[in-house]
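Visitor: With the sequences and hints as input, model every part of the structure.
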Amino acid sequence: MLKAAEVKRKDVLSQNIFAVTKGLESAITTEHYSRYDGLLQRLDPRVKLATFAVLTAAVSFTESLAVLAVMLILVPLPGILSGIRPGFLLKRILLFIPVFTAVIAIPALFITKGDPLLSVGGHTIVTVQGAKTAAFLVLRVTDSLSLGALLVLTTPWTKLLATFRWFRIPSLFVSILSMTYRYIFVLLHTVNNMFLARKSRTPGTLTAKENRKWLGHTLAATMVKSLHISEQVYSAMLSRGYRDDRLTITRFKLHHRDLLWLLFASTVLTLSVWTG
Amino acid sequence: MVNLYRKGVLAVFIVKHSSKEYGTMHIPDGYISPATAGIMYGAAAPFWFIAAKKVRKSLSGRTIPVVALFASFSFVLMMFNIPMPGGTTGHAVGGTLLAIAAGPWAAVIGISVVLAIQALFFGDGGVMAFGANSFNMAIILPLVGYYVYRTVSGSSSPQSARRLFAAAAGSWIAIVTAALLTGIELGIQPLLFHSADGTPLYCPYGPGIAIPSMAVGHMFIAGPAEAIVTGLVLAYLFKTGFVPAADQEQSGGTGRLHLLWAGLGLVALLTPIGLLASGTAWGEWGVTELQELGLGFVPDGINRLAGWWPAPLPDYGFPRMGAVVGYILSTIAGVGAVAAMLWALGKTLLAKGRRSEA
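Line by line, the protein sequences give chains E and V. Just so we're aligned: the first sequence equals residues 122 to 397 in the numbering used here. Just so we're aligned: the second sequence equals residues 758 to 1115 in the numbering used here.
A few of these clues could be false.
Stated by the list, open to error - In silico lysine-lysine, BS3-like type, Cα no more than 30 Å apart, as pairs:
no. : chain 1 : residue 1 : chain 2 : residue 2
1   : E       : K330      : V       : K810
2   : V       : K810      : E       : K346
3   : E       : K346      : V       : K996
4   : E       : K346      : V       : K811
5   : E       : K320      : E       : K330
Claimed, not checked - A few chain V residues facing chain E, derived, Cβ under 8 Å:
no. : residue
6   : P785
7   : P791
8   : I807
9   : T820
10  : A825
11  : F837
12  : P842
13  : V884
14  : L958
15  : P964
16  : G965
17  : Y993
18  : D1004
What the hints contain is simulated information worked out from the structure, not anything from laboratory work. Idealized CB from N, CA, C, for every residue including glycine.
Guide: In structure tokens form, the structure reads like this:
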């Protein structure tokens, strides 16, 4: 398969091939890690989902920077113990959103009113409150992202969906969620082939106007295709005896390790509530 | 000096939101407080419920494959780099396009599902903030876009240039409205949620910075991108003879009524801004406020009547609850009570009218 890094990103066509290919690669890597036999992968998905949700809430609620800082170091550890390469985990968690957040947080250092932290010639440049609010924002964003990334990296998608059903999320949403995820890849492959086909027939580069027009047509064609596919899928579902009711074959079972994990997560939670 | 910094913040925000790599207005976790996140889940829930009912009714057994495929399409659309006039590229949400092509309620569910996948798999938008993101992008955006399209289209012939203009205008207005809402949600954070020493705990920028940054970025980059995509795709679909769901429905007199409802809803949503104002509402003075205003005395009649009516929700608040939560719940309760009264009145009057006709 074409690798995202191999695509030069000069023109719009290549930019789009790059974006689509990167999306596909990211999903494939996620699937790869979720099937690895590691610490978090072995946990019962219900326990994992519940504890991760509660910890995400704790990150959101806490008013203590210390708690957020400890979580920053503590959260990736089980991920590394679950066979996820530290480099990959750091790249996945830290790139883009925390970096953007850090950039966004910089002006807060200077414009937040409060006690002086850094003064030059009698003028307050950075306030204590400014530094704290910037730290709050960056740490909270990074901690929440780490928790989300770890959950998805260590839980196969089908098990996650079955867990959603177990937590009584309506079957209509869960079914649409599962089918959407499946067909995203079909459509991504389709548009990527359309882009590549177009690129192979385009000497030089197109103007922005030509690109827009062509992109509009590609999107419209994809939309019509997706409608056709939905008709075909529906016929296929009916032919297999579909009754508008989702059945899952995943059976859950609790083990000792799940209880140990629950104990660990509760301790972290209690400590974070107690201190912050 | 402070003004210069403010401009700097504005610039950073705009650059971020028009960035090629990052989504348009997905709020990550950490930018809004859990209270705001909870309220936004609460605000989104009734729309999800109605959408599920409406979609099941209109698509029956086909619901799951049709909505899922449209959702997958919208995910793909959001990944595209749209070349803009002027050399930059922007991203579109496709909410209005989906609402016109597949119907507003299918769009509500479809885009919510896409946002869930983006939050879970790509960290684009938070899990706690999923309610807020859905409310802005999957509910308000397609509904506003759809009703603007219906209103501007009026009785023009199907597949006419006016309908294309209506779609583009709807897309632009919808995305700017959603961006404004996002700006408000972010902007109220430092005013309402800070520690004892005044440190903002979540988004550090107030409404004076957050709202214009979100609005400006979306008016000039994401908004036009959305309008271009909707216009181009619909133009192509019109040529192929595709009739969008928005044009299949009977366009009776209800279009404008729906618009009124949407407007009322939006106004109700904007009420928390009232919290930012200081002072009291003109003419709504109580006994103490009259004295504070420097009147010097309290008219005897007012004094006698004060306390005569024990309000169920004094000062629009619920006891033992945050001021904002109470205020918003009061708004919902108030709007709900007025709407219920009007509905009952309308029913009675209609029934009377029918009886007199018979």
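Visitor: Hint by hint, where does the structure go against what was stated? Just the numbers, ascending.
Guide: Violated hints (numbers, rising): 1, 8, 15, 16, 18; every other hint is consistent with the structure.
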